[in-house]
Amino acid sequence: MEPTTLPVDRCARREPLADALARLGRLLLGYGCATHRLETALQWAAAAHRFHADVFAVPTGLWMSLDDQRAPPTIRLVRVQRWGIALDRLADLDAVFNGLADGSLDVAAAHARMDAIEAAPPRFPPWAVVLAGALASGSAATAFGATPLGVALATAVGLISVTLGLQLGRRGRTRLLVDFAAGVVVGLAAWAAAAHDPSLARKPLVLGGLIVNVPGLTLTAGLAELAHKNLVSGAARLLDATMVFLSLLFGVGAVWALEKAVTGAVPPLAGGAPPALWVSAVASAAAGLAFLPLFAVHRPDAAPAVLGGLLAWGAAITAERLGLTGPAAAFVGALICGLYANLFARWRDRPAQVVLVPAIVLLVPGALGFASIDRMLYGDPSAGLVSAMQTLLIAAALALGLVLANAAVPPRKVL
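Read in this note's numbering, the sequence shown has 274 at position 274, and its numbers run on one by one without any break.
Here are the computed lysine to any residue pairs in the SDA-like style, where the Cα-Cα straight-line distance is at most 20 Å: (1) K260 to F250; (2) K260 to L188; (3) K413 to L339; (4) K260 to H196.
For the record, the hints were derived by calculation from the structure and aren't laboratory data.
Make a model of the complete structure from these sequences and hints.
The following block contains the structure:
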(Lines of atoms letter the chains of each structure in order from A and count residues from 1; the text may use other names and numbers.)
(Lines give C-alpha, C1' and ligand atoms only; values in the text may rest on other atoms or scores of the structure.)
Protein backbone atom coordinates (compact mmCIF):
# COMPACT_ATOMS: atom_id res chain seq x y z
CA MET A 1 0.00 0.00 0.00
CA GLU A 2 1.38 3.41 -0.99
CA PRO A 3 1.96 5.88 1.88
CA THR A 4 -0.47 8.74 2.17
CA THR A 5 0.95 12.00 0.86
CA LEU A 6 -0.05 15.54 1.56
CA PRO A 7 -1.72 17.64 -1.10
CA VAL A 8 0.79 19.65 -3.07
CA ASP A 9 -0.35 22.95 -1.58
CA ARG A 10 0.09 21.69 1.99
CA CYS A 11 3.53 20.28 1.18
CA ALA A 12 4.46 23.60 -0.36
CA ARG A 13 3.31 25.44 2.77
CA ARG A 14 4.90 23.11 5.28
CA GLU A 15 8.55 23.60 4.29
CA PRO A 16 8.49 27.43 4.40
CA LEU A 17 6.50 27.36 7.64
CA ALA A 18 9.06 25.02 9.20
CA ASP A 19 11.87 27.38 8.16
CA ALA A 20 10.03 30.38 9.62
CA LEU A 21 9.26 28.66 12.91
CA ALA A 22 12.83 27.37 13.25
CA ARG A 23 14.18 30.86 12.67
CA LEU A 24 11.70 32.35 15.11
CA GLY A 25 12.78 29.79 17.70
CA ARG A 26 16.46 30.52 17.15
CA LEU A 27 15.93 34.26 17.62
CA LEU A 28 13.76 33.79 20.70
CA LEU A 29 16.44 31.62 22.29
CA GLY A 30 19.13 34.15 21.41
CA TYR A 31 17.20 37.00 23.02
CA GLY A 32 16.44 35.27 26.31
CA CYS A 33 13.13 33.43 25.94
CA ALA A 34 12.55 30.58 28.41
CA THR A 35 12.55 27.21 26.67
CA HIS A 36 9.18 26.09 28.03
CA ARG A 37 7.56 29.24 26.68
CA LEU A 38 9.37 28.85 23.36
CA GLU A 39 8.23 25.26 22.88
CA THR A 40 4.62 26.18 23.57
CA ALA A 41 4.76 29.20 21.25
CA LEU A 42 6.04 27.17 18.29
CA GLN A 43 3.46 24.47 18.90
CA TRP A 44 0.65 27.05 18.96
CA ALA A 45 1.87 28.73 15.77
CA ALA A 46 2.06 25.36 13.99
CA ALA A 47 -1.41 24.37 15.21
CA ALA A 48 -2.84 27.62 13.84
CA HIS A 49 -1.72 26.40 10.40
CA ARG A 50 -3.17 22.92 11.08
CA PHE A 51 0.20 21.24 11.57
CA HIS A 52 1.48 19.35 14.57
CA ALA A 53 4.87 20.39 15.97
CA ASP A 54 7.13 18.49 18.33
CA VAL A 55 9.66 20.93 19.77
CA PHE A 56 12.67 20.29 21.98
CA ALA A 57 14.61 23.38 23.02
CA VAL A 58 17.74 23.88 25.10
CA PRO A 59 19.67 27.14 25.59
CA THR A 60 22.10 26.23 22.78
CA GLY A 61 19.80 24.62 20.23
CA LEU A 62 16.39 23.72 18.90
CA TRP A 63 14.97 20.55 17.36
CA MET A 64 11.57 20.66 15.69
CA SER A 65 9.45 18.34 13.60
CA LEU A 66 6.40 19.56 11.69
CA ASP A 67 3.75 17.19 10.33
CA ASP A 68 0.05 16.47 10.10
CA GLN A 69 0.44 12.71 10.69
CA ARG A 70 -0.22 11.90 7.02
CA ALA A 71 3.32 12.10 5.70
CA PRO A 72 6.90 11.97 6.95
CA PRO A 73 7.59 15.01 9.17
CA THR A 74 9.69 17.98 8.21
CA ILE A 75 12.67 18.20 10.55
CA ARG A 76 14.64 21.29 11.52
CA LEU A 77 17.74 21.53 13.72
CA VAL A 78 19.04 24.93 14.78
CA ARG A 79 22.22 25.70 16.73
CA VAL A 80 22.32 28.85 18.87
CA GLN A 81 25.87 30.14 19.17
CA ARG A 82 25.35 33.22 21.35
CA TRP A 83 22.55 34.27 23.63
CA GLY A 84 21.68 36.96 26.11
CA ILE A 85 18.73 39.09 27.17
CA ALA A 86 17.27 41.66 24.75
CA LEU A 87 13.73 42.32 25.90
CA ASP A 88 13.00 44.86 23.16
CA ARG A 89 13.67 42.27 20.44
CA LEU A 90 11.80 39.64 22.43
CA ALA A 91 8.73 41.90 22.42
CA ASP A 92 9.12 42.52 18.68
CA LEU A 93 9.32 38.77 18.05
CA ASP A 94 6.16 38.33 20.10
CA ALA A 95 4.40 40.44 17.46
CA VAL A 96 5.80 38.14 14.75
CA PHE A 97 4.54 35.10 16.63
CA ASN A 98 1.11 36.69 17.03
CA GLY A 99 0.99 37.41 13.31
CA LEU A 100 1.93 33.87 12.35
CA ALA A 101 -0.55 32.42 14.83
CA ASP A 102 -3.55 34.54 13.83
CA GLY A 103 -2.80 34.56 10.10
CA SER A 104 -2.21 38.30 9.79
CA LEU A 105 1.38 37.60 8.69
CA ASP A 106 2.30 35.13 5.99
CA VAL A 107 5.66 33.38 6.01
CA ALA A 108 7.32 35.90 3.71
CA ALA A 109 6.13 38.84 5.81
CA ALA A 110 7.30 37.08 8.98
CA HIS A 111 10.78 36.63 7.50
CA ALA A 112 10.82 40.31 6.51
CA ARG A 113 9.92 41.31 10.07
CA MET A 114 12.60 39.02 11.49
CA ASP A 115 15.15 40.46 9.02
CA ALA A 116 14.35 43.93 10.34
CA ILE A 117 14.62 42.82 13.97
CA GLU A 118 18.01 41.19 13.40
CA ALA A 119 19.35 44.16 11.43
CA ALA A 120 18.16 46.79 13.91
CA PRO A 121 20.95 48.47 15.90
CA PRO A 122 21.06 48.00 19.67
CA ARG A 123 18.39 50.06 21.44
CA PHE A 124 20.98 51.57 23.80
CA PRO A 125 24.46 52.68 22.70
CA PRO A 126 27.51 51.10 24.37
CA TRP A 127 28.14 54.15 26.55
CA ALA A 128 24.64 53.86 28.02
CA VAL A 129 25.22 50.17 28.80
CA VAL A 130 28.53 51.02 30.47
CA LEU A 131 26.95 53.74 32.61
CA ALA A 132 24.10 51.39 33.50
CA GLY A 133 26.61 48.77 34.62
CA ALA A 134 28.35 51.34 36.79
CA LEU A 135 25.02 52.40 38.32
CA ALA A 136 24.10 48.77 39.01
CA SER A 137 27.45 48.17 40.74
CA GLY A 138 27.14 51.27 42.89
CA SER A 139 23.53 50.44 43.81
CA ALA A 140 24.47 46.88 44.74
CA ALA A 141 27.38 48.05 46.87
CA THR A 142 25.00 50.40 48.68
CA ALA A 143 22.58 47.54 49.36
CA PHE A 144 25.47 45.43 50.69
CA GLY A 145 26.40 48.13 53.21
CA ALA A 146 29.31 49.92 51.54
CA THR A 147 30.56 53.25 52.80
CA PRO A 148 30.35 56.26 50.43
CA LEU A 149 33.96 55.56 49.43
CA GLY A 150 33.10 51.91 48.81
CA VAL A 151 30.11 52.90 46.68
CA ALA A 152 32.28 55.21 44.60
CA LEU A 153 34.90 52.52 44.14
CA ALA A 154 32.29 49.90 43.22
CA THR A 155 30.80 52.29 40.66
CA ALA A 156 34.23 52.84 39.11
CA VAL A 157 34.92 49.10 39.09
CA GLY A 158 31.58 48.43 37.41
CA LEU A 159 32.42 51.04 34.77
CA ILE A 160 35.76 49.38 34.01
CA SER A 161 34.43 45.84 34.19
CA VAL A 162 31.50 46.41 31.81
CA THR A 163 33.70 48.32 29.37
CA LEU A 164 36.22 45.49 29.34
CA GLY A 165 33.43 42.95 28.98
CA LEU A 166 32.02 44.71 25.93
CA GLN A 167 35.45 44.78 24.31
CA LEU A 168 36.21 41.13 25.03
CA GLY A 169 32.73 40.05 23.99
CA ARG A 170 33.21 41.35 20.47
CA ARG A 171 35.88 38.79 19.65
CA GLY A 172 35.30 35.08 19.44
CA ARG A 173 38.70 34.28 20.95
CA THR A 174 38.14 36.35 24.08
CA ARG A 175 34.39 36.37 24.76
CA LEU A 176 34.70 33.31 27.00
CA LEU A 177 37.08 35.28 29.23
CA VAL A 178 34.59 38.03 30.10
CA ASP A 179 33.69 36.66 33.53
CA PHE A 180 37.26 35.72 34.43
CA ALA A 181 38.44 39.21 33.44
CA ALA A 182 35.70 40.79 35.56
CA GLY A 183 36.93 38.77 38.54
CA VAL A 184 40.49 39.94 37.95
CA VAL A 185 39.43 43.59 37.71
CA VAL A 186 37.39 43.40 40.90
CA GLY A 187 40.16 41.55 42.73
CA LEU A 188 42.74 44.17 41.75
CA ALA A 189 40.40 46.98 42.78
CA ALA A 190 39.79 45.37 46.18
CA TRP A 191 43.53 44.94 46.70
CA ALA A 192 44.23 48.57 45.78
CA ALA A 193 41.41 49.83 47.99
CA ALA A 194 42.62 47.77 50.95
CA ALA A 195 46.14 49.06 50.47
CA HIS A 196 44.83 52.63 50.55
CA ASP A 197 42.42 52.09 53.46
CA PRO A 198 42.83 48.79 55.37
CA SER A 199 39.58 49.43 57.28
CA LEU A 200 37.50 49.44 54.07
CA ALA A 201 35.04 46.52 53.89
CA ARG A 202 35.92 44.42 50.86
CA LYS A 203 32.73 42.41 50.53
CA PRO A 204 30.44 45.23 49.32
CA LEU A 205 33.09 46.32 46.84
CA VAL A 206 33.63 42.82 45.45
CA LEU A 207 29.97 41.86 45.26
CA GLY A 208 28.96 45.25 43.89
CA GLY A 209 31.66 45.15 41.23
CA LEU A 210 30.57 41.68 40.11
CA ILE A 211 26.80 42.21 40.25
CA VAL A 212 26.44 42.54 36.49
CA ASN A 213 28.24 39.23 35.95
CA VAL A 214 26.90 37.02 38.72
CA PRO A 215 24.45 34.54 37.16
CA GLY A 216 21.66 34.73 39.71
CA LEU A 217 19.07 35.16 36.95
CA THR A 218 20.45 32.14 35.07
CA LEU A 219 20.32 30.08 38.26
CA THR A 220 16.70 31.05 38.91
CA ALA A 221 15.74 30.46 35.25
CA GLY A 222 17.31 27.00 35.41
CA LEU A 223 15.30 26.03 38.46
CA ALA A 224 12.15 27.49 36.89
CA GLU A 225 12.65 25.31 33.83
CA LEU A 226 13.20 22.29 36.05
CA ALA A 227 9.93 23.16 37.77
CA HIS A 228 8.27 23.13 34.33
CA LYS A 229 9.82 19.67 33.72
CA ASN A 230 12.22 20.96 31.06
CA LEU A 231 14.92 18.86 32.68
CA VAL A 232 17.66 19.08 30.06
CA SER A 233 17.33 22.82 29.58
CA GLY A 234 17.11 23.49 33.32
CA ALA A 235 20.18 21.38 34.05
CA ALA A 236 22.08 23.13 31.25
CA ARG A 237 21.32 26.55 32.73
CA LEU A 238 22.39 25.42 36.19
CA LEU A 239 25.70 24.19 34.77
CA ASP A 240 26.11 27.46 32.88
CA ALA A 241 25.55 29.40 36.10
CA THR A 242 28.06 27.19 37.91
CA MET A 243 30.69 27.83 35.24
CA VAL A 244 30.18 31.59 35.47
CA PHE A 245 30.47 31.46 39.26
CA LEU A 246 33.72 29.51 38.94
CA SER A 247 35.13 31.88 36.31
CA LEU A 248 34.43 34.88 38.52
CA LEU A 249 35.90 33.08 41.51
CA PHE A 250 39.08 32.08 39.70
CA GLY A 251 39.57 35.64 38.50
CA VAL A 252 39.25 37.05 42.02
CA GLY A 253 41.18 34.10 43.48
CA ALA A 254 44.12 34.63 41.12
CA VAL A 255 44.50 38.18 42.38
CA TRP A 256 44.10 37.08 45.99
CA ALA A 257 46.84 34.48 45.48
CA LEU A 258 49.11 37.17 44.08
CA GLU A 259 48.25 39.50 46.96
CA LYS A 260 49.05 36.77 49.46
CA ALA A 261 52.39 36.11 47.79
CA VAL A 262 53.25 39.81 47.93
CA THR A 263 51.85 40.82 51.32
CA GLY A 264 51.82 37.50 53.12
CA ALA A 265 48.08 37.47 53.90
CA VAL A 266 44.68 38.29 52.44
CA PRO A 267 42.03 39.62 54.82
CA PRO A 268 38.61 37.93 54.66
CA LEU A 269 35.68 39.50 52.88
CA ALA A 270 34.35 41.67 55.69
CA GLY A 271 30.83 42.94 55.15
CA GLY A 272 29.51 46.41 55.76
CA ALA A 273 26.78 47.56 58.12
CA PRO A 274 23.22 46.97 56.84
CA PRO A 275 21.88 50.20 55.30
CA ALA A 276 18.77 51.98 56.45
CA LEU A 277 15.49 50.95 54.83
CA TRP A 278 15.17 54.15 52.84
CA VAL A 279 18.72 53.75 51.56
CA SER A 280 17.93 50.21 50.40
CA ALA A 281 14.78 51.48 48.70
CA VAL A 282 16.70 54.16 46.81
CA ALA A 283 19.39 51.64 45.86
CA SER A 284 16.76 49.19 44.59
CA ALA A 285 15.11 51.88 42.47
CA ALA A 286 18.49 52.90 41.04
CA ALA A 287 19.30 49.27 40.27
CA GLY A 288 15.93 48.91 38.54
CA LEU A 289 16.78 51.88 36.33
CA ALA A 290 20.22 50.44 35.63
CA PHE A 291 18.83 47.15 34.37
CA LEU A 292 16.73 48.87 31.70
CA PRO A 293 19.69 49.42 29.31
CA LEU A 294 21.35 46.17 30.40
CA PHE A 295 18.25 44.21 29.35
CA ALA A 296 17.33 46.56 26.46
CA VAL A 297 13.84 47.31 27.72
CA HIS A 298 11.46 49.19 25.39
CA ARG A 299 10.78 52.75 26.55
CA PRO A 300 7.00 52.14 27.03
CA ASP A 301 7.85 49.16 29.25
CA ALA A 302 10.45 50.99 31.36
CA ALA A 303 8.18 52.46 34.06
CA PRO A 304 6.17 49.22 34.54
CA ALA A 305 9.45 47.27 34.79
CA VAL A 306 10.88 49.53 37.49
CA LEU A 307 7.57 49.53 39.36
CA GLY A 308 7.51 45.73 39.25
CA GLY A 309 10.97 45.58 40.76
CA LEU A 310 9.99 47.89 43.60
CA LEU A 311 6.83 45.86 44.27
CA ALA A 312 8.83 42.62 44.38
CA TRP A 313 11.48 44.13 46.63
CA GLY A 314 8.88 45.74 48.88
CA ALA A 315 6.95 42.47 49.20
CA ALA A 316 10.10 40.55 50.12
CA ILE A 317 11.20 43.17 52.67
CA THR A 318 7.71 43.27 54.23
CA ALA A 319 7.69 39.47 54.48
CA GLU A 320 11.08 39.52 56.22
CA ARG A 321 9.89 42.12 58.71
CA LEU A 322 6.89 39.93 59.46
CA GLY A 323 9.27 37.16 60.51
CA LEU A 324 9.56 35.03 57.35
CA THR A 325 12.96 33.54 56.50
CA GLY A 326 14.99 34.38 53.40
CA PRO A 327 13.52 31.71 51.06
CA ALA A 328 9.96 32.36 52.29
CA ALA A 329 10.37 36.11 51.78
CA ALA A 330 11.79 35.48 48.30
CA PHE A 331 8.76 33.31 47.52
CA VAL A 332 6.41 36.14 48.50
CA GLY A 333 8.37 38.63 46.41
CA ALA A 334 8.36 36.32 43.37
CA LEU A 335 4.63 35.66 43.75
CA ILE A 336 3.82 39.36 43.79
CA CYS A 337 6.23 39.96 40.91
CA GLY A 338 4.70 37.15 38.83
CA LEU A 339 1.13 38.30 39.48
CA TYR A 340 2.07 41.84 38.52
CA ALA A 341 3.82 40.73 35.31
CA ASN A 342 0.89 38.53 34.27
CA LEU A 343 -1.61 41.32 34.89
CA PHE A 344 0.61 43.63 32.84
CA ALA A 345 0.65 41.07 30.02
CA ARG A 346 -3.16 40.91 30.09
CA TRP A 347 -3.58 44.67 30.19
CA ARG A 348 -1.00 45.70 27.58
CA ASP A 349 -0.99 42.54 25.41
CA ARG A 350 2.79 42.36 25.86
CA PRO A 351 5.01 39.46 26.92
CA ALA A 352 5.14 39.13 30.69
CA GLN A 353 8.91 38.71 30.50
CA VAL A 354 9.50 42.34 29.50
CA VAL A 355 8.64 43.43 33.05
CA LEU A 356 9.23 40.16 34.87
CA VAL A 357 12.96 39.86 34.12
CA PRO A 358 14.02 43.39 35.23
CA ALA A 359 11.81 43.04 38.32
CA ILE A 360 12.78 39.57 39.51
CA VAL A 361 16.50 40.28 39.07
CA LEU A 362 16.38 42.39 42.24
CA LEU A 363 15.57 39.22 44.21
CA VAL A 364 17.88 36.64 42.64
CA PRO A 365 20.60 35.24 44.95
CA GLY A 366 23.58 35.74 42.67
CA ALA A 367 25.78 37.54 45.22
CA LEU A 368 24.95 34.92 47.84
CA GLY A 369 26.00 32.17 45.44
CA PHE A 370 29.36 33.84 44.84
CA ALA A 371 29.84 34.30 48.58
CA SER A 372 29.27 30.57 49.13
CA ILE A 373 32.09 29.67 46.75
CA ASP A 374 34.23 32.39 48.31
CA ARG A 375 33.89 30.76 51.73
CA MET A 376 35.07 27.48 50.24
CA LEU A 377 38.06 29.32 48.77
CA TYR A 378 38.94 30.58 52.25
CA GLY A 379 38.95 27.02 53.58
CA ASP A 380 35.55 27.02 55.28
CA PRO A 381 33.63 24.36 53.31
CA SER A 382 30.91 23.92 55.93
CA ALA A 383 29.93 27.61 55.82
CA GLY A 384 30.22 27.52 52.04
CA LEU A 385 27.85 24.56 51.76
CA VAL A 386 25.34 26.23 54.07
CA SER A 387 25.45 29.38 51.94
CA ALA A 388 25.19 27.36 48.72
CA MET A 389 22.14 25.52 50.04
CA GLN A 390 20.55 28.84 51.00
CA THR A 391 21.25 30.12 47.49
CA LEU A 392 19.47 27.12 45.95
CA LEU A 393 16.55 27.45 48.35
CA ILE A 394 16.05 31.12 47.50
CA ALA A 395 16.32 30.43 43.76
CA ALA A 396 13.83 27.54 44.10
CA ALA A 397 11.49 29.77 46.11
CA LEU A 398 11.60 32.37 43.33
CA ALA A 399 10.87 29.73 40.69
CA LEU A 400 7.96 28.26 42.64
CA GLY A 401 6.54 31.71 43.34
CA LEU A 402 6.46 32.39 39.60
CA VAL A 403 4.87 28.99 38.90
CA LEU A 404 2.12 29.73 41.46
CA ALA A 405 1.57 33.19 39.96
CA ASN A 406 1.12 31.65 36.50
CA ALA A 407 -1.41 29.18 37.92
CA ALA A 408 -3.33 31.84 39.83
CA VAL A 409 -3.41 34.51 37.11
CA PRO A 410 -2.45 33.11 33.69
CA PRO A 411 -0.98 35.83 31.45
CA ARG A 412 -3.14 34.78 28.45
CA LYS A 413 -0.02 35.02 26.34
CA VAL A 414 2.39 32.26 25.40
CA LEU A 415 5.57 34.35 25.50
